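2 protein chains.
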Amino acid sequence: MKRRDFLSLVAASAGSTYAAMIALDLLSQPAKASKKLELKPINQPKTVIVLGAGVAGLCAAYELEKLGYHCVILEANNRIGGRCFTVRNTTKSTEIDGQTQQSTFDEDLYFNAGATRIAQHHVTLDYCQELGVPIEPFNHVNEAAYYYQVDVGKLSNKKIRIREIKQDFLGYKNELLAKAINQDALDLELTKEDQEKLVTFLQLEGNLSPDLFYKGSRNRGYSTLPGASLNPGVIESPFDLSAIIQYGFSWYILNETTFNHQISLLQIVGGIDQLSKAFVNKIKGKISLESPVQEIRKTTTGVKIIYLDKQQKRQSITGDYCICTIPLTVLKSIPSDFSQPMKQAISSIPYMATSKVGLQFKRRFWEEDDRIFGGISYTNQNITQIFYPSDHFFSQKGILVGAYNYEEKAQYFGNLSIQEREKLVLQQGSKIHPQYLEEFESGFYVPWHKLPYNLGGWAMYNTDMRKTVYPQLNQPDDHIYLAGEHLSYYPGWITGSLESSRHVVAQLNERVHSLG
Amino acid sequence: MKRRDFLSLVAASAGSTYAAMIALDLLSQPAKASKKLELKPINQPKTVIVLGAGVAGLCAAYELEKLGYHCVILEANNRIGGRCFTVRNTTKSTEIDGQTQQSTFDEDLYFNAGATRIAQHHVTLDYCQELGVPIEPFNHVNEAAYYYQVDVGKLSNKKIRIREIKQDFLGYKNELLAKAINQDALDLELTKEDQEKLVTFLQLEGNLSPDLFYKGSRNRGYSTLPGASLNPGVIESPFDLSAIIQYGFSWYILNETTFNHQISLLQIVGGIDQLSKAFVNKIKGKISLESPVQEIRKTTTGVKIIYLDKQQKRQSITGDYCICTIPLTVLKSIPSDFSQPMKQAISSIPYMATSKVGLQFKRRFWEEDDRIFGGISYTNQNITQIFYPSDHFFSQKGILVGAYNYEEKAQYFGNLSIQEREKLVLQQGSKIHPQYLEEFESGFYVPWHKLPYNLGGWAMYNTDMRKTVYPQLNQPDDHIYLAGEHLSYYPGWITGSLESSRHVVAQLNERVHSLG
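So the protein sequences, as listed, match chains Z and R.
UniProt numbering puts the first residue of the first sequence at 1, with every later residue one more than the last.
UniProt numbering puts the first residue of the second sequence at 1, with every later residue one more than the last.
If we strip away everything but chain Z, and leave its shape as in the complex, we get (with noise of 0.2 Å):
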């Protein structure tokens, strides 16, 4: 179309040149149109109780309340926004079996012990204009980051660069693909000109030689740098396909391909823990911190909930709903009168165990040494991966995550006293920043399994759980309904303690305008 015929359409349209495209069918993709939610509130006030001031419990109270419900909400920890969790200068935490550690982070400085990432698509980002919560880019992927592998033969104990493995690895996929091509291996159904074109871009995505070969390539680095003059820098041999493979570096690749995984990621400026804050703000019900629900009761209007208050003595309160934002390894245990069914279902979805450690270093070594600005290590060691921080690069200090495990290497880790972690955790590190041991001022470690309002990082859904027990969940049981990233398809994402919170309330609203 002309810009003219497109004009004269927009005049057509009312002057909306939005509206004329959409006339058209000119955005192929839906255009996002305000997230806000936009529910019909309320006349008779009535009270929620919201169960959990994470994400989930926070964004149901502001919804609840734009509508004109009364919350009360009731968070165990002293603290709010659980897991994002945000460790500064003097935070405490204590787990279940007692072991306890203080930070001493420098004033400035900080690290995200739970959720950080937040992509594109999620919703979490329409909170974040929304709130007026200031985001920033968080550099997911970095080509010169390192993997470390141990007893994965040929390349075992070496530091490799990320780009090295994978520009290789391109390398020799190209050069068998275009080879087989090349030889009417394959039996395809592509014209002979498709195939003579896919078989020059394989060579120039591979850098193949002119026979197809991959012989290495600039893209992987260089031993000596570029530079100017008659410097044009020397570059090595690749590593064998064979050492590659036996490398097994797959998970890692497979980390920054997934949707919600692929770049442009964003991480919140100043901490994770300025989006609870922003809700908070807004929100004008009571929190009560230190506040463990002891059991969920239903009424015959609604729910009674009891809990301990800071004086460890019991209380008890009445609201017309309750949404319990409360993870299901928690609410497991907690005397209530959910239906069996729905107990059962409570009761049988595993979480991941997951650790994850902040570590402050007198110097930013990994920017100014090793050039690295952020991005992932990966190792198949216990610590697993070393986050490097997307912002303040240069700044005097940083924090480094210096592991971020799961499963049984996170079990293995959270068994240990704080000691052996912070030991096991810097010998381990150092063999891929040697500088660790010269820098290291103080760490922070976080078994998510192991803290007692949490116990665990998020629910781990199979197939069957989402077609059996999940639909079990995402009913309202009388009054009460449940809300968190365990009551979505974002599990372990703050964009899915949110959506499932704006279900709920969407939900819970209509019920209450049907009932007049």
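Please keep in mind that the hints were generated in silico from the structure rather than gathered at the bench.
Please note that a few of the clues may not be correct.
Said to hold, decoys possible - Short, incomplete list of chain Z residues facing chain R, as computed with Cβ under 10 Å:
hint: 1; residue: Glu107
hint: 2; residue: Val123
hint: 3; residue: Lys173
hint: 4; residue: Ile245
hint: 5; residue: Ile263
hint: 6; residue: Leu265
hint: 7; residue: Lys284
hint: 8; residue: Met352
hint: 9; residue: Gly374
hint: 10; residue: Glu420
What the hints assert, rightly or not - Result set (DMTMM-like, lysine to aspartate or glutamate): computed pairs, CA atoms no more than 25 Å apart in a straight line:
hint: 11; chain 1: R; residue 1: Lys215; chain 2: Z; residue 2: Asp464
hint: 12; chain 1: Z; residue 1: Lys215; chain 2: R; residue 2: Glu189
hint: 13; chain 1: R; residue 1: Lys215; chain 2: Z; residue 2: Glu189
hint: 14; chain 1: R; residue 1: Lys35; chain 2: Z; residue 2: Glu438
hint: 15; chain 1: R; residue 1: Lys158; chain 2: Z; residue 2: Glu193
hint: 16; chain 1: R; residue 1: Lys397; chain 2: Z; residue 2: Glu130
hint: 17; chain 1: Z; residue 1: Lys197; chain 2: R; residue 2: Glu408
hint: 18; chain 1: R; residue 1: Lys35; chain 2: Z; residue 2: Asp391
hint: 19; chain 1: R; residue 1: Lys215; chain 2: Z; residue 2: Glu438
hint: 20; chain 1: Z; residue 1: Lys362; chain 2: R; residue 2: Glu136
hint: 21; chain 1: Z; residue 1: Lys197; chain 2: R; residue 2: Asp240
hint: 22; chain 1: Z; residue 1: Lys159; chain 2: R; residue 2: Glu205
hint: 23; chain 1: Z; residue 1: Lys215; chain 2: R; residue 2: Glu196
hint: 24; chain 1: R; residue 1: Lys409; chain 2: R; residue 2: Glu256
hint: 25; chain 1: Z; residue 1: Lys397; chain 2: R; residue 2: Glu130
hint: 26; chain 1: Z; residue 1: Lys154; chain 2: R; residue 2: Glu193
hint: 27; chain 1: R; residue 1: Lys431; chain 2: R; residue 2: Asp369
hint: 28; chain 1: R; residue 1: Lys362; chain 2: R; residue 2: Asp106
hint: 29; chain 1: R; residue 1: Lys36; chain 2: R; residue 2: Glu510
hint: 30; chain 1: Z; residue 1: Lys179; chain 2: R; residue 2: Glu193
hint: 31; chain 1: Z; residue 1: Lys158; chain 2: R; residue 2: Glu205
hint: 32; chain 1: R; residue 1: Lys158; chain 2: Z; residue 2: Asp194
hint: 33; chain 1: Z; residue 1: Lys362; chain 2: R; residue 2: Glu130
hint: 34; chain 1: R; residue 1: Lys197; chain 2: Z; residue 2: Glu407
Predicted model, so just to flag it, every value in this text is computed and none were measured.
In this text, a Cβ means the ideal position worked out from N, Cα and C, and glycines have one as well.
Given chain Z, work out where chain R should sit, using these hints.
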């Protein structure tokens, strides 16, 4: 090595972990000590005339002054920075044919019309650190940005998210290769076990079915996003392999994988001009703006430069040495005493024609509607690329790089009037972002090959030129040294200019010392 052993080694290495590590060869990549140029200062002051106040010239003056040289800098333009050019409110530019424009961008908005991106291995970062210029992430790759191709078969004239094409292509590639391996169609030097591992990984990475077919993937995105409760999202069928081949997207992917383009990339907070400003703040020598060089002459003991002053009067200045950073395209027309081989070399290097455009919009629709935070959309239309800003997310307005094209496309674009350029950019860009027409406020259009003191984007050497004329250009011609991106293996990158200046400063200083 055990930590205890390591610590005793550290003790033995005079307490320096770092020395110990180096002794042990624990650092598989050379640790980067400070890249500060450490050269021997001179006793008898010498005068160096620096031609050009781009970063090459500024860096040369900065480094020379550290050593005791007296520098005088002549700049033809009315601003410093050269191709590190940040267009702000009221920025003016005049092209060789007299076409003039003045920016009407808002006061707090800007765009980098030339160099922007910094790779992690670039010495540019060392200068940012040394000069206290803050850096931040530059989102170079965004899987949610678009491809939009015209005349490429079935997928023409569609907005396609990058992830859709990439994941489909990966899937088909892996399907074909996995099948070829399973059918023993390839003459592989791999054990049976390694072949199985390879197939398993290809399957995982490419999201192949158990029988090794690619049938689409959640990683390519959803037509209905997953959400809370019972909404797992809806995925669409993949594109045909033949359609993808005809799509011809090769260049785009290659733009993500070269060593200098690989993520993580960085940018300077507040605009690339902050780097040149930081140099200027440290330089004591006089920088004369609007002082185009008219003649470059040799004297018996040094150099004599004739230039026009702001009143268009011919002035002459003499010095012991000259560092000339003038682009070869401009230099070749300046009368000079260069040797005949040097003159020939200067005249023989082609430069890239390239244009960049900044477009100010009332609203950041790419973030609000399209959920794109940084990164680049690609098209085979004239505009070639759209860059989304990696900073100030969700602020009210924003500037996109609305075109960044090369060669014939840039030539064509540069030959248009400002009004025609605007029309072209809006018309082509609105194919990808129909919001353009409603939200556009103002633009600024920079064809580098038409700016009188640039006459091109960067030097374009082929392999042959690197062998023949390039060494000649790197030889000092009596007391005159050439420097700039064109005297490096990083053509078009800031780091090339800096590396070249550092090299020439070291070379010149060594000569001065050797002369006693």
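Each hint, compared with the structure:
1. Because the smallest distance between the Cβ of Glu107 (chain Z) and any Cβ of chain R comes to about 20 Å, over 10 Å, the interface hint for this residue is violated.
2. For Val123 (chain Z), the interface hint holds, since its Cβ comes within 10 Å of a Cβ in chain R; the closest pair sits about 8 Å apart.
3. At its closest, the beta carbon of Lys173 (chain Z) sits 6 Å from a beta carbon of chain R; the interface hint therefore holds under the 10 Å criterion.
4. Given hint, Ile245 (chain Z) at the interface with chain R, holds; its Cβ is 5 Å from that chain's nearest Cβ, closer than 10 Å.
5. Because the closest C-beta pair between Ile263 (chain Z) and chain R is about 6 Å apart, less than 10 Å, the hint holds.
6. Of the supplied interface hints, the one on Leu265 (chain Z) holds, with its beta-carbon coming within about 9 Å of a beta-carbon of chain R, less than 10 Å.
7. This hint is violated: Lys284 (chain Z) has a C-beta 25 Å from the nearest C-beta of chain R, more than the 10 Å allowed.
8. At about 18 Å, the closest approach between the beta carbon of Met352 (chain Z) and any beta carbon in chain R exceeds 10 Å, and the interface hint on this residue is violated.
9. This hint holds: Gly374 (chain Z) has a C-beta 5 Å from the nearest C-beta of chain R, less than the 10 Å allowed.
10. A hinted interface residue such as Glu420 (chain Z) counts as satisfied when its beta carbon comes closer than 10 Å to some beta carbon of chain R; here the least separation is about 12 Å, so the hint is violated.
11. Between Lys215 (chain R) and Asp464 (chain Z) the CA atoms are separated by roughly 22 Å; this keeps the pair inside 25 Å, and the hint holds.
12. For the hint linking Lys215 (chain Z) to Glu189 (chain R), the alpha-carbon distance of about 16 Å falls within 25 Å, and the restraint holds.
13. At roughly 16 Å between alpha-carbon atoms, Lys215 (chain R) and Glu189 (chain Z) fall within 25 Å of each other, so this suggested pair holds.
14. With a C-alpha separation of about 21 Å, the suggested pairing of Lys35 (chain R) with Glu438 (chain Z) holds against the 25 Å cut-off.
15. Restraint check for Lys158 (chain R) and Glu193 (chain Z): satisfied, since their Cα atoms lie roughly 23 Å apart, inside the 25 Å limit.
16. Between Lys397 (chain R) and Glu130 (chain Z) the CA atoms are separated by roughly 16 Å; this keeps the pair inside 25 Å, and the hint holds.
17. With a CA separation close to 23 Å, the supplied pair Lys197 (chain Z) and Glu408 (chain R) stays within the 25 Å bound.
18. Taking the CA atoms of Lys35 (chain R) and Asp391 (chain Z), the gap is near 22 Å; set against the 25 Å cutoff, the hint holds.
19. Straight-line distance between C-alpha atoms of Lys215 (chain R) and Glu438 (chain Z) comes to about 51 Å, which puts the hinted pair past the 25 Å bound.
20. Among the hinted pairs, Lys362 (chain Z) with Glu136 (chain R) is consistent with the structure: their alpha-carbon atoms are about 21 Å apart, no more than 25 Å.
21. With a C-alpha separation of about 15 Å, the suggested pair Lys197 (chain Z) and Asp240 (chain R) falls inside the 25 Å cut-off, and the hint holds.
22. Between the alpha carbons of Lys159 (chain Z) and Glu205 (chain R) the distance comes to roughly 23 Å, so the proposed pair stays at or under 25 Å and holds.
23. At roughly 24 Å between alpha-carbon atoms, Lys215 (chain Z) and Glu196 (chain R) fall within 25 Å of each other, so this suggested pair holds.
24. Simply put, Lys409 (chain R) and Glu256 (chain R) have alpha-carbon atoms about 21 Å apart, close enough for the 25 Å limit, and the pair holds.
25. Of the supplied pair hints, the one linking Lys397 (chain Z) and Glu130 (chain R) holds, its CA atoms being roughly 16 Å apart against a limit of 25 Å.
26. With a CA separation close to 16 Å, the supplied pair Lys154 (chain Z) and Glu193 (chain R) stays within the 25 Å bound.
27. Taking the CA atoms of Lys431 (chain R) and Asp369 (chain R), the gap is about 15 Å. The hint holds against a cut of 25 Å.
28. Of the supplied pair hints, the one linking Lys362 (chain R) and Asp106 (chain R) holds, its CA atoms being roughly 10 Å apart against a limit of 25 Å.
29. With a C-alpha separation of about 17 Å, the suggested pairing of Lys36 (chain R) with Glu510 (chain R) holds against the 25 Å cut-off.
30. At most 25 Å may separate the alpha-carbon atoms for a hinted pair to count; Lys179 (chain Z) and Glu193 (chain R) meet this at roughly 22 Å.
31. The hinted pair formed by Lys158 (chain Z) and Glu205 (chain R) meets the criterion: a straight-line CA distance of about 24 Å does not exceed 25 Å.
32. A threshold of 25 Å between alpha carbons decides the hint, and for Lys158 (chain R) with Asp194 (chain Z) the separation of about 21 Å falls inside it, so the pair holds.
33. Distance restraint check for Lys362 (chain Z) and Glu130 (chain R): the Cα-Cα separation of roughly 18 Å lies within the 25 Å cut-off, and the hinted pair is therefore satisfied.
34. Proximity of Lys197 (chain R) to Glu407 (chain Z) is assessed by CA-CA distance (about 23 Å); at most 25 Å being required, the pair is judged to hold.
Consistency with the previously given hints fails for numbers 1, 7, 8, 10 and 19, ordered from lowest to highest.
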